[in-house]
Amino acid sequence: MATESGSGARQGIHWQTAIIRRIVVQTPRVKSFFMELSRPFAFIAGQHVDVRLTAPDGYQAQRSYSISSAPETPGPIEITVDRLDDGEVSPFFHDVAAVGDEIEVRGPFGGYFIWSAEPRDPRGHEPIVLVGGGSGVAPLMSIIRHRAALQARTPMLLIFAARTWDDLIFREELLAMAERRDGFELVIALSREAARRAGDYSRRIDREMAAEALARLPAKPSLAFVCGSNAFVEAAATSLIEAGVPSEIIRTERYGG
Amino acid sequence: MATRGFTGRPRPPGTGNRVPPGQSVTNDFPVLSATPTQHVRLDEWTFTLKVGPKPVKSWTWEEFNALPQTGFTRDIHCVTKWSKLDTAWRGVLIDDILDDADLEPPTKYTLAHCVGGYSTNVPVADLVGGKAMVALQYEGRPITPDHGGPARLVVPHLYFWKSAKWVNALQFTEQDVAGFWELRGYHMYGDPWREQRFDGD
Chain D
1 MATESGSGAR QGIHWQTAII RRIVVQTPRV KSFFMELSRP FAFIAGQHVD
51 VRLTAPDGYQ AQRSYSISSA PETPGPIEIT VDRLDDGEVS PFFHDVAAVG
101 DEIEVRGPFG GYFIWSAEPR DPRGHEPIVL VGGGSGVAPL MSIIRHRAAL
151 QARTPMLLIF AARTWDDLIF REELLAMAER RDGFELVIAL SREAARRAGD
201 YSRRIDREMA AEALARLPAK PSLAFVCGSN AFVEAAATSL IEAGVPSEII
251 RTERYGG
Chain Y
1001 MATRGFTGRP RPPGTGNRVP PGQSVTNDFP VLSATPTQHV RLDEWTFTLK
1051 VGPKPVKSWT WEEFNALPQT GFTRDIHCVT KWSKLDTAWR GVLIDDILDD
1101 ADLEPPTKYT LAHCVGGYST NVPVADLVGG KAMVALQYEG RPITPDHGGP
1151 ARLVVPHLYF WKSAKWVNAL QFTEQDVAGF WELRGYHMYG DPWREQRFDG
1201 D
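If you're matching them up, the sequences are chains D and Y in order.
In terms of the numbering used here, the first sequence has 226 at position 226, counting the first letter as 1, and numbering is strictly consecutive.
Just so we're on the same page, the numbering used here is the position in the second sequence counted from 1, plus 1000.
Don't take each hint at face value.
Unchecked claim - Covered, in the sense of this in silico footprint (three residues per stretch, anywhere, with C-beta under 8 angstroms from a C-beta of chain Y), are these stretches of chain D:
hint, stretch
1, 59-68
2, 87-98
3, 162-171
4, 180-188
To be verified - Short derived list, chain D residues pointing at chain Y, Cβ under 7 angstroms:
hint, residue
5, Ile13
6, Leu53
7, Thr54
8, Ala55
9, Pro56
10, Asp101
11, Gly111
12, Tyr112
13, Asn230
14, Ala237
15, Arg254
Note that these hints are calculated values from the structure, not bench results.
Here the structure is a predicted model, which is why all the values come from computation and not from measurement.
Even for Gly, the Cβ is constructed at its ideal location relative to N, Cα and C.
Could you build all of it, start to finish, from the sequences and the hints given here?
What follows is the structure, encoded as structure tokens:
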């Protein structure tokens, strides 16, 4: 079932060393880091890890990053880092971190913004709507890949908002998944460019867009996951609510200021 | 272990002993919430004090605003790693709520309940003695809905998930009962100075 407890915190509390095995440039501002854990853990799609960096004088900075890879994917876990120009940790990842570097991580954490397609869960086949703004797609990608890895039949809709076509993280993979027509629907909303595909939008999310996108699902969603900046989450959650999605089934994750 | 090539931001002078381990000072006020923002109408707002399942006293918005109003300025620390210094809150101290209800704390534990279903547990000792309030104002203005307005619990010395947004009840419990995040892996107490972020920390 979509476990709401048992987040694995007990098993995950210890810091461990992870080695960066691969770095993938996703967009001009976003890179994915594939981290090989010294003590691998099981996790649920949507969970995050904490990352800790230590300066020579002992000063430490910590941040949380969602895992983007599927729980089923063997090998390193993938975290997706948006470069914040006034940030402390994300510029380190973008400008300094290199393959082979050791980074301290611990996890997995998070017991609410998670989804699991257990075949025996009656709710596992009820439609899910995901709404991601920019790098807010990171935990949603784990959910989407989890569904794909299990070949789950759960109808799933992703409304993915970004400024431009080239800001769409995981774009080719998402487009390919949508091509399969296996119950995964992708709606793209670009705020600063014209839409490129039929059914996409060139504006910010609103009630009408949410209603039209939701109509692609065979039934009303049983759960909604919304992730992005606070302003995005406010706008997206309001749009869903105005389009008839009950507030109680909407789970939100917000980052940044 | 030092991280290759990491120096970190310059540490602001004079704030070192005010920032718990693993935290960074922010000047904005980030918003975190597991659910959409709750929009609570003042004419429907109530705050209820309960002992176990039994309501002891309820206040309307008007009645609650007629209770003694106190201000305090405190540093706050969010489990998502940001700290904000010198935040100014104004509202009703838990001491004054208890006084108005003529209630001595009957147990050692409480659960705060909120519009939208959120809850969090806080020991009585961390609420009384001027340590915590139900805040109605932030920096001299009504608290905005995204920050928990019209009323939020403020327990500044614990991680800020304990400072429940949209609070509408405080319930005394016999046992220390886990709330929303505590059921989902967060620490039962949440002392930022001991980095009690997650269960087991």
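Here is what the structure says about each hint:
Coverage of a stretch by a chain is defined here by at least three residues with a beta carbon nearer than 8 angstroms to that chain's beta carbons; for the stretch 59-68 of chain D and chain Y the count is 6, and the condition holds. Look at the stretch 87-98 of chain D against chain Y: 4 of its residues bring a Cβ nearer than 8 angstroms to a Cβ of that chain, three or more, so the hint holds. Counting residues of the stretch 162-171 of chain D whose CB falls under 8 angstroms from any CB of chain Y gives 0; the rule of at least 3 is not met. Counting residues of the stretch 180-188 of chain D whose beta carbon lies closer than 8 angstroms to any beta carbon of chain Y gives 0, which falls short of the minimum of three for the stated coverage.
Among the interface hints, the one on Ile13/D holds; its C-beta lies about 4 angstroms from the nearest C-beta in chain Y, closer than the 7 angstroms criterion. At its closest, the beta carbon of Leu53/D sits 4 angstroms from a beta carbon of chain Y; the interface hint therefore holds under the 7 angstroms criterion. With a cut of 7 angstroms, the hint placing Thr54/D at the interface with chain Y holds, because the nearest CB-to-CB distance is about 5 angstroms. Because the smallest distance between the Cβ of Ala55/D and any Cβ of chain Y comes to about 4 angstroms, under 7 angstroms, the interface hint for this residue holds.
Residue-level restraint check for Pro56/D holds (minimum Cβ-Cβ distance to chain Y is 5 angstroms; threshold 7 angstroms). Restraint check, Asp101/D versus chain Y: the minimum CB separation of about 6 angstroms is within 7 angstroms; hint holds. Using the Cβ-Cβ criterion of 7 angstroms, the hint placing Gly111/D at the interface with chain Y is satisfied: the shortest such distance is roughly 3 angstroms. The beta carbon of Tyr112/D is positioned within 7 angstroms of a beta carbon in chain Y (closest approach about 5 angstroms), and the interface hint is therefore held.
The closest approach between the C-beta of Asn230/D and any C-beta of chain Y is roughly 4 angstroms, which is under the 7 angstroms cut-off, so the hint is satisfied. Contact between Ala237/D and chain Y, as hinted, is supported at the beta carbon level, the nearest pair being about 4 angstroms apart and thus within 7 angstroms. For Arg254/D, the shortest C-beta to C-beta distance to chain Y is roughly 6 angstroms, which falls under 7 angstroms, so the interface hint holds.
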